[in-house]
Structure formats: structure tokens, C-alpha cells
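S.K.: The whole structure should be built from the sequences, with the hints applied where relevant.
For reference, the chains in residue letters:
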Amino acid sequence: MIRFLKDALVRSIAPALALGAAALLGLLIVAVVGHNPFAVVRNLLSAATQAHGLRDDIAYVLLYATPLIFTGLSVAVAFRAGLFNIGGMGQIMVGSILCGWAGWKLAALPAILAIPACIALAALGGALWGAIAGALKAWRGSHEVIITIMLNFCAIAVTDSLANGTWKAKEGMTPQLPAIGQSARLPRLGARAADAPPPEAGDPPLMGIGLFPKHVQVNASLFLALLAAAGMHVFLFRTVRGYELRAVGHNPEAARAAGISVKRVTITAMAISGALAGLAATDLVMGTKYNYRQDDAMSYARAAFIGIAVSLMGQNHPGGIILAALLFGAMERMGLLLNDVPKDIVLILQAAVILFVICGNELFSRMLARKAATT
Amino acid sequence: MNLAIEMIGIEKRFPRVVANSGASLTVAEGEIHALVGENGAGKSTLMKILYGMYAPDAGTVRVMGKEMKSFSPATSIAAGIGMVHQHFMLVPTLTVAENVVLGMEPRLGPWFDTAQAEHEVAEMSTRFGLAVEPRAKVETLPVGVQQRVEILKVLARGAKVLILDEPTAVLTPGEIEELYATLAKLKAEGRTVVLITHKLKEVKAASDRLTVLRRGATAGTAVTADVTEEKIAEMMVGRAVLMKVEKKSAKPADVVLSLKGLQAPGVGPVTFDVRAGEIVGIAGVEGNGQSELLECLSGLRAAKAGSVSLGGIDLSRAAPAGWFKAGLAIIPEDRQKRGLVGEFTVAENLVLGRHREVKFVKRGFVRAGARDAEAATLVKKFDVRPADASVEAQSLSGGNQQKAIVARELSRQPRLLIAAHPTRGVDIGAIEFIHKAIVSERDRGAAVLLVSSELSEVLALADRVLVMFGGQIAGELKASEATEKKVGVLMAGVRA
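Going down the list, the sequences are from chains D and L. Using my numbering, read the first sequence as starting at 4 and increasing by one per residue. Using my numbering, read the second sequence as starting at 10 and increasing by one per residue.
Any given hint might turn out to be false.
[To be verified] Straight-line distance between alpha carbons at most 25 Å, and here's what the computed SDA-like set of lysine to any residue pairs gives: (1) L:Lys-368 with D:Arg-244; (2) L:Lys-371 with D:Arg-244; (3) L:Lys-371 with D:Phe-238; (4) L:Lys-445 with L:Arg-363; (5) L:Lys-334 with D:Pro-255; (6) D:Lys-9 with L:Ser-399; (7) L:Lys-346 with D:Phe-87; (8) D:Lys-9 with L:Val-400; (9) L:Lys-368 with D:Val-265; (10) L:Lys-346 with D:Val-265; (11) D:Lys-266 with L:Gln-345; (12) D:Lys-9 with L:Gly-351; (13) D:Lys-266 with L:Lys-346; (14) L:Lys-346 with D:Ser-145; (15) L:Lys-371 with D:Val-243; (16) L:Lys-368 with D:Val-237; (17) L:Lys-346 with D:Met-370; (18) L:Lys-346 with D:Pro-255; (19) L:Lys-346 with D:Arg-244; (20) D:Lys-9 with L:Ala-377; (21) D:Lys-266 with L:Thr-354; (22) D:Lys-266 with L:Ala-330; (23) L:Lys-346 with D:Phe-82; (24) D:Lys-266 with L:Arg-363; (25) D:Lys-9 with L:Ala-385; (26) L:Lys-368 with D:Arg-267; (27) D:Lys-9 with L:Gln-403; (28) D:Lys-9 with L:Pro-395; (29) D:Lys-266 with L:Lys-313; (30) L:Lys-346 with D:His-146; (31) L:Lys-371 with D:His-236; (32) D:Lys-9 with L:Asp-397; (33) D:Lys-266 with L:Arg-365; (34) L:Lys-313 with D:Val-265; (35) L:Lys-371 with D:Phe-240; (36) L:Lys-57 with D:Met-370; (37) D:Lys-266 with L:Arg-310; (38) D:Lys-266 with L:Ala-312; (39) L:Lys-346 with D:Gly-144.
By construction, these hints were calculated from the structure, which means they are not laboratory data.
M.R.: As C-alpha cells, this is what we get:
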């Protein structure tokens with residue numbers, strides 16, 4: 004346990020320093036573009052604590068962090084197997100449309116069946132899309148980066164034709180599926196205020212956790228994300244398959260020589276990675292929008308790319324990924340609160356964090372290597 | 010007698026380790042001095058100080074009587090020190106002459122003066138008796154000649170003292186003889202040679218005097234002619250070492266491994282058998298198809314023609330998992346690449362390949378307790394240091410990594426043990442241990458195939474010797490008739 008804590012502490016040194024450096028850089032840029040950095044920070048802090056209050060901020064940060072946990076885990080599990088999955092976008096879209104389809108078609112089922120079915124289809128869609136890349140890599144030797152990028156475009160085309168065609172909702176011109184049934188909706192975390200009017204039929208379901216305001220869309224998929232993180236930790240570090248996956252990631256030659264099927268591990272890892280990305284659909288379709296809509300899905304699926312940064316910052320470790328996702332969620336919230344400087348500053352800040360983390364990790368691991376080499 | 014090098018009371022500390030402490034080395038001008046010691050005894054650090062790559066924390070260094078004040082390769086080269094590295098630093102696509110003058114090219118106006126460079130190199134080549142063709146491209150030359158080019162390169166920079174780091178590691182027995190002759194010529198020309206090595210035979214054959222390092226300190230120095238190999242080994246290890254492998258005569262039983270006309274890119278056709286209870290040694294200069302053969306014999310390379318079976322099971326098309334199931338254990342050629350996952354702990358590595366055995370798995374989960382217990386036993390039995398299986402494998406020294414691999418593979422209780430260079434980079438004390446372990450596997454009834462570029466190792470262990478040349482078996486000798494000379498001839502490609 005002490006060893007674990009020490010390890011966690013050592014691992015968080017580099018990201019923490021990188022964060023500090025990025026913040027300094029951000030303030031510097033604010034100063035360069037002609038604002039008083041201290042005033043900006045003061046305004047930001049007062050904006051964060053006034054208006055809707057800190058409760059809102061926390062709820063929003065968790066809302067933004069939810070897809071980032073899924074996509075961060077997705078990228079990380081592939082990384083652990085030595086693969087770079089940048090096809091999270093396509094995997095989310097395929098997962099989402101299947102999830103939306105299931106929620107729509109299974110509207111008659113009770114929640115206890117509808118919800119697991121929708122979750123399963125979200126995961127299955129992503130897993131399928133990931134496994135295609137894994138299989139092409141394993142059997143044909145195609146590079147997974149190229150394949151996953153191409154599959155992103157394929158996913159857009161496939162979902163677009165479905166949302167415009169066979170599965171399209173009757174009313175309107177928008178490419179989208181009909182709404183999912185009430186029973187397939189994931190409840191929001193928030194509670195109804197005591198003085199609020201009585202609930203109406205179309206209102207979103209609530210979990211009733213007093214800490215959260217009901218108007219923020221943060222929902223039960225957050226718990227699914229946390230569960231996925233825990234599950235991934237157990238899988239990677241406690242199971243035989245996880246052991247084989249890590250062996251392939253660290254040294255595929257040695258893994259092959261030890262009788263591990265690198266091909267099978269490659270396909271499995273990409274399928275798991277895709278499934279985790281696909282699970283983000285539970286937030287989008289089941290917890291937020293209550294249907295599949297092409298333009299929503301397209302913009303939401305960009306979380307996959309931030310997931311790469313989250314995984315990097317979290318050092319491919321489930322616990323680290325949760326923390327990193329919260330950090331990126333907080334940055335996003337910050338962007339909405341800033342009103343006296345260009346919001347692009349948040350993008351710069353995100354980029355700076357990523358750059359500093361990469362450099363910091365590299366420097367730090369070299370330092371550790373040098374220390375190890377002289378013992 | 011003038012002293013070429015005096016290193017007195019050298020101390021060099023790194024953050025968590027003392028590389029040298031109380032190390033001294035005195036080398037007389039014009040002598041060939043062997044610097045011997047086990048891996049990690051501090052030989053390289055001491056020589057890196059002399060070559061200016063490290064500054065010592067304490068102690069004095071004098072070259073030709075002049076004390077070194079600052080340490081950098083430039084100052085050392087200026088003082089007349091030259092180093093021939095174990096891994097050659099040559100540009101393969103350039104000619105010999107171009108390589109030798111690299112960095113100090115003769116010029117004709119703005120152009121490179123090829124004629125002058127070739128002339129200079131030819132002249133040096135005759136003067137030192139280092140036969141090379143200045144216009145030959147380095148990539149076309151055999152390894153032994155490339156080494157001569159390295160030596161010429163150092164001499165061209167005016168080196169009076171040459172440090173040779175493990176120079177025989179890549180050479181055939183014939184080339185080794187030529188190297189000894191070269192060293193003698195250098196000596197006759199008044200140059201001083203420091204020979205870093207851990208091979209005792211080499212020390213006896215080539216050096217005038219020797220200095221032994223043990224755990225960073227000088228353990229002794231002697232005139233080579235006055236000490237036996239046993240005595241030198243004892244000085245290196247600090248206790249008496251059994252130099253010869255003790256083994257009873259083999260009792261070969263049924264055929265376990267059988268190759269029939271096996272052919273794959275880079276090897277074959279090869280036909281031979283290995284029986285239970287015997288050690289078959291494959292000798293040969295590296296790069297003559299041994300690596301390819303080893304890959305065929307573990308499922309890593311598919312056979313193009315012919316067949317191979319283990320215990321009667323045909324494995325010509327099998328993947329590694331099939332080989333292990335049939336009873337293979339293999340100490341791989343390249344431990345970094347194939348033997349270990351560096352980022353895994355020693356315990357995780359000690360079950361690599363055995364990790365699906367029933368005792369290590371419970372419903373898909375790793376039985377960490379059983380694994381760690383097994384690891385602790387193996388670490389203790391095979392004396393892997395540090396005796397802590399929870400450290401990363403890459404933090405272990407090369408010799409201890411090798412011991413961990415040997416421990417893992419022998420713990421499989423194999424029908425067939427393939428040992429590729431089982432003692433490469435391993436200390437004398439551990440070599441003795443690994444050799445004993447291999448012999449006891451044979452006595453237990455395993456078939457053993459030993460592949461080694463270390464001829465003495467093959468001769469010491471094998472009951473039968475096969476020699477590989479150009480991807481094929483160039484000849485077979487019984488242990489009783491396999492002499493270094495006979496095997497050496499076959500290794501050089503002369504058909505038996």
C-alpha cells in the first residue's frame with residue numbers, strides 16, 4: 004500500500020509540474036494580448052463562485068469529464084497493447100447509432116432490460132468498429148493509425164446514411180433517429196428543488212442527489228465511466244488476459260516467443276478500446292439527448308481526440324485518467340466562464356498542458372532511467 | 010622501464026553505486042596489459058576515465074608521466090590514448106582509407122585528397138603489419154578486417170596507448186590468432202596495449218602482465234606467465250572456481266528432437282536428431298544460420314521445406330505455443346528482445362510463457378500469491394540479484410537477467426532444452442552454475458541443444474558437436490574427437 008502511494012505520488016509529479024507550467028504560460032499569453040492576468044484570474048474566480056454557484060461548476064465539470072473518461076480509457080487500453088487508436092470518433096458514432104436504435108426499438112421494454120440492452124449495443128458498436136482495425140492490423144499488417152482514421156470517415160458515412168434513410172425519424176428534415184423510450188433513459192444526478200413545480204411527463208428522470216442541480220445534464224453514465232475505469236484496472240493488472248495484453252504492449256517479440264498470440268491480443272485490445280469509446284454513447288444518447296442525431300453525434304465524438312490527451316496526461320492508468328478527465332472538464336468549464344478574454348485561451352491552455360506533459364514525462368522517465376542505469 | 014599509464018587510488022561514485030574505489034592500474038610502456046574482472050567489476054568505468062569520458066572523484070591519472078588535469082576524450086586523445094570499441098564505429102559505405110582519415114581528411118584545395126589518404130593508410134598498414142586494402146569498402150570486409158581498420162583509425166590519431174574493449178567477442182578462432190599477431194607487432198613498434206577482457210585464455214595467450222579488478226577495486230596484479238588460469242579466476246571471483254564442467258558420460262535414449270531436411274530462409278537443408286539424455290552442441294561463427302535455426306525450432310520462423318518434430322509430434326507449422334506444449338524450454342539468443350519484458354517485474358517475467366499453467370490462474374485471474382511464491386523460490390535457487398522479485402527486470406544487470414531466464418526455462422521441466430549462448434555476459438561464478446544446471450537437465454533425461462559462439466563452452470558441455478557454416482551443418486564430431494583445431498577448421502568453412 005505504501006509502495007502504491009509512493010508510486011502514485013512519483014507518477015503525478017511530472018503532470019503536476021506540467022500543469023503549473025501551462026498555467027504560467029497561459030497567464031503570460033493573457034498578458035501579451037493586452038489583458039491584466041491578475042484581473043482575469045480574479046474575474047474567473049468570482050464568475051466560478053457567483054451566478055449559479057460552485058454547485059453548477061462541479062456538475063458541469065463532471066458532465067464534461069464523463070465522455071473524456073470513456074475515451075481516455077479507450078486510448079489507454081490500446082496504448083497498453085502498443086496500439087494507437089485514434090478511431091474513437093468512429094467508434095463513438097457507431098456505438099451511438101446502435102444505442103439510439105436499441106432505445107427506440109426497445110421502448111416497450113422495462114428499464115431493467117432496456118438500459119442494459121442499450122449499454123450493450125453501445126459497447127458492441129464501438130467494439131466492432133475497433134475490432135475491424137485490430138483484425139486488419141493482425142492479419143494484413145496494416146497500420147492501425149491509418150485504418151482507424153479511415154474508419155472514422157466510414158463511420159460518418161454509414162451513420163449518416165442510416166440517420167437519413169431507413170432509421171430516420173419521420174418528422175422534420177434533420178438526420179436523426181426517433182427518441183429513445185422513457186425506460187432507456189439514464190437519470191440525471193440532480194434533485195428537484197423543494198419549491199419546484201410538479202414534474203411533467205416528458206421531464207428527464209432524476210436520481211435525486213442533493214449536491215447536484217437538476218438543470219445540468221450530468222447523469223448516471225458518469226458512474227458507468229467510473230465503473231469502466233475500475234474494471235479496466237482489474238482487467239489489466241489482475242487477469243491473465245490483461246497480463247498478456249501488457250506483455251504484447253511492452254515487448255511483442257518476447258510475448259510472441261513466450262507463446263502468446265500477438266494477433267489475438269491485437270484484435271481483443273482494439274475491440275476493448277472500441278467498446279470503451281462506444282460506451283460514451285450512454286452519456287450522449289441515454290443520458291443527455293435521448294435520441295441519436297447526426298450533428299450532435301459528430302460534435303460529441305470529437306471528445307475522442309481529447310481522450311488521447313487525457314490518456315497521455317493520466318499516463319495510461321485508470322486512476323490517472325479520471326483525474327486528467329476532470330482537469331480537462333474543468334478547463335472546458337473555465338472557457339465558458341471567461342468573458343473578458345478570447346475563449347481561445349482555453350484551447351491554448353489545453354495544448355500547452357499536452358505539450359508540457361509530453362516533455363515532462365520524457366524528461367522524467369529519462370531521469371529515472373539514468374538513475375536506474377547507475378545502480 | 011617507463012610507465013605509460015599510472016592510475017592510482019581511483020574512485021568513481023554514481024548516485025547509488027560505487028563503480029571504482031581503490032582501483033589502481035600501472036602499465037609499462039611497450040607492454041600488453043590485460044585488465045580482467047567480472048561484469049560490473051568496474052573495468053569499463055576505469056577505462057572510460059582513462060579515455061576521458063568520466064572524471065574520477067578521487068585519485069590521480071598519469072599518462073606518459075604527465076598528470077591529467079582535465080578529463081575529456083579530446084585531452085586523452087591528445088595525450089596519446091586511443092580506444093577500439095567493442096562495437097565498431099565505422100561507416101560501412103565508405104572505403105577503408107576514407108574511414109581511417111574521417112575527421113582529419115587530407116585536402117587538395119577544397120577537395121578531399123583521395124590519393125593522399127590511400128597512400129597514408131597503405132603506409133601505416135605496412136608499418137604495423139595490419140593488412141588492409143585501402144580502397145575496399147568497409148561493408149564488404151569480414152569482421153576481423155574491420156577490426157584492423159578500427160585499430161588503424163586509432164593509430165592514425167597518434168595513439169601510443171591502445172585500449173581494446175573485448176576485441177575477440179566477434180572473431181573466429183583464426184581471426185583471433187591474427188589479432189594476437191597484430192598486438193605483438195604493435196608492441197614491437199613500441200605501442201602499449203590495454204586489453205579489456207573476461208576470457209582467461211585470451212589473457213594467457215596475449216598479455217605480458219595483468220591486473221584484476223573485483224568489485225571496483227584492484228584485487229591484484231601479476232606477470233601473466235607466473236599465474237595459471239585457475240589462479241586468475243580465483244582472483245576475479247574471490248574464491249576457487251571449478252574451471253572444468255564435471256559430467257558423467259551421456260546415456261542417450263530415444264530421439265526427442267528430429268529435423269529432416271528442414272529448410273527456411275537463411276538455413277538448411279538441415280538434418281539431425283537430438284536424443285534424450287544428451288547434449289548436442291552447435292558451434293559456428295555468428296551469422297551462419299544459427300539464429301534462423303533457433304527461430305525454426307521455437308515456432309518463430311516457418312519452415313519452407315522439410316519437417317521437424319518434438320517427441321514424435323510434428324511441429325513444422327506450429328506456433329510457439331505448440332512448441333511449449335510439446336515440451337520445449339528455450340534460453341533465447343537475445344534476452345532483451347525475446348527473453349524478457351523489461352518493464353515487467355522479475356516475478357512477472359519468471360512466469361512469462363508459463364502464465365497459463367493451472368497453478369498460476371484462477372478463473373482467468375492471475376494468482377499473484379502462487380506467482381510470487383514461485384518467483385521467490387526461483388530467485389533464491391538461481392541466486393538472482395537483487396533477491397527481490399518485485400523490481401523491474403530491466404533494472405537487473407545483464408548477468409542476472411540471464412539467470413532469471415535460465416531459472417524460468419529450467420522450471421518448465423522440459424523434454425527439450427534449447428540453450429542459445431546461455432552464459433553470454435554472465436560472470437564466471439554464474440557460468441559454473443548455469444553449466445551445472447544444463448548438465449543436470451541432461452541427466453534428468455532432457456534432450457539438450459546448445460548453440461554457442463563460445464567454442465570452449467560447446468567443447469566443455471557437448472556430447473556431440475555439430476558445426477554450422479553458411480546455414481548448413483558443415484560437420485559432426487564426437488566429443489572425444491572434437492578439438493579446438495578440428496572444429497575451428499569446420500567453422501571457417503572448410504568441408505569435413
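S.K.: All hints are to be evaluated individually against the structure, with a verdict given for each.
M.R.: Hints versus structure:
1. L:Lys-368 with D:Arg-244: The hint holds at about 16 Å.
2. L:Lys-371 with D:Arg-244: With Cα atoms ~12 Å apart, Lys-371 of chain L and Arg-244 of chain D stay inside 25 Å; holds.
3. L:Lys-371 with D:Phe-238: holds, 14 Å
4. L:Lys-445 with L:Arg-363: With a Cα-Cα distance of about 23 Å, the restraint between Lys-445 of chain L and Arg-363 of chain L holds, given a limit of 25 Å.
5. L:Lys-334 with D:Pro-255: Distance ~20 Å between Lys-334 of chain L and Pro-255 of chain D Cα, so the pair holds.
6. D:Lys-9 with L:Ser-399: With Cα atoms ~15 Å apart, Lys-9 of chain D and Ser-399 of chain L stay inside 25 Å; holds.
7. L:Lys-346 with D:Phe-87: Distance ~22 Å between Lys-346 of chain L and Phe-87 of chain D Cα, so the pair holds.
8. D:Lys-9 with L:Val-400: Judged against 25 Å, a Cα distance of about 15 Å means the pair holds.
9. L:Lys-368 with D:Val-265: holds, 23 Å
10. L:Lys-346 with D:Val-265: holds, 15 Å
11. D:Lys-266 with L:Gln-345: Status holds; Cα separation ~21 Å.
12. D:Lys-9 with L:Gly-351: It holds: about 21 Å lies between the C-alpha atoms, which stays within 25 Å.
13. D:Lys-266 with L:Lys-346: holds, 18 Å
14. L:Lys-346 with D:Ser-145: The hint holds at about 23 Å.
15. L:Lys-371 with D:Val-243: At roughly 9 Å apart (the allowed maximum being 25 Å), Val-243 of chain D and Lys-371 of chain L satisfy the hint.
16. L:Lys-368 with D:Val-237: holds, 20 Å
17. L:Lys-346 with D:Met-370: Roughly 23 Å between the alpha carbons, so the hint for Lys-346 of chain L and Met-370 of chain D holds.
18. L:Lys-346 with D:Pro-255: holds, 9 Å
19. L:Lys-346 with D:Arg-244: Given pair Lys-346 of chain L, Arg-244 of chain D holds - Cα atoms ~21 Å apart, limit 25 Å.
20. D:Lys-9 with L:Ala-377: holds, 21 Å
21. D:Lys-266 with L:Thr-354: Holds, because 24 Å separates the two Cα atoms, which is no more than 25 Å.
22. D:Lys-266 with L:Ala-330: Measuring from Cα to Cα gives roughly 13 Å; hence the hint holds.
23. L:Lys-346 with D:Phe-82: At roughly 20 Å apart (the allowed maximum being 25 Å), Phe-82 of chain D and Lys-346 of chain L satisfy the hint.
24. D:Lys-266 with L:Arg-363: holds, 19 Å
25. D:Lys-9 with L:Ala-385: The hint holds at about 23 Å.
26. L:Lys-368 with D:Arg-267: holds, 23 Å
27. D:Lys-9 with L:Gln-403: Cα-Cα ~20 Å, so holds.
28. D:Lys-9 with L:Pro-395: Measuring from Cα to Cα gives roughly 21 Å; hence the hint holds.
29. D:Lys-266 with L:Lys-313: holds, 22 Å
30. L:Lys-346 with D:His-146: holds, 22 Å
31. L:Lys-371 with D:His-236: holds, 18 Å
32. D:Lys-9 with L:Asp-397: With a Cα-Cα distance of about 18 Å, the restraint between Lys-9 of chain D and Asp-397 of chain L holds, given a limit of 25 Å.
33. D:Lys-266 with L:Arg-365: holds, 17 Å
34. L:Lys-313 with D:Val-265: Satisfied, since the Cα-Cα distance of roughly 22 Å is no more than 25 Å.
35. L:Lys-371 with D:Phe-240: This hinted pair holds, its Cα atoms lying about 14 Å apart.
36. L:Lys-57 with D:Met-370: Holds. Lys-57 of chain L to Met-370 of chain D sits at ~22 Å (cutoff 25 Å).
37. D:Lys-266 with L:Arg-310: Distance ~16 Å between Lys-266 of chain D and Arg-310 of chain L Cα, so the pair holds.
38. D:Lys-266 with L:Ala-312: holds, 20 Å
39. L:Lys-346 with D:Gly-144: holds, 20 Å
Checked against the numbered hints listed earlier, the structure breaks none of them; every hint is satisfied.
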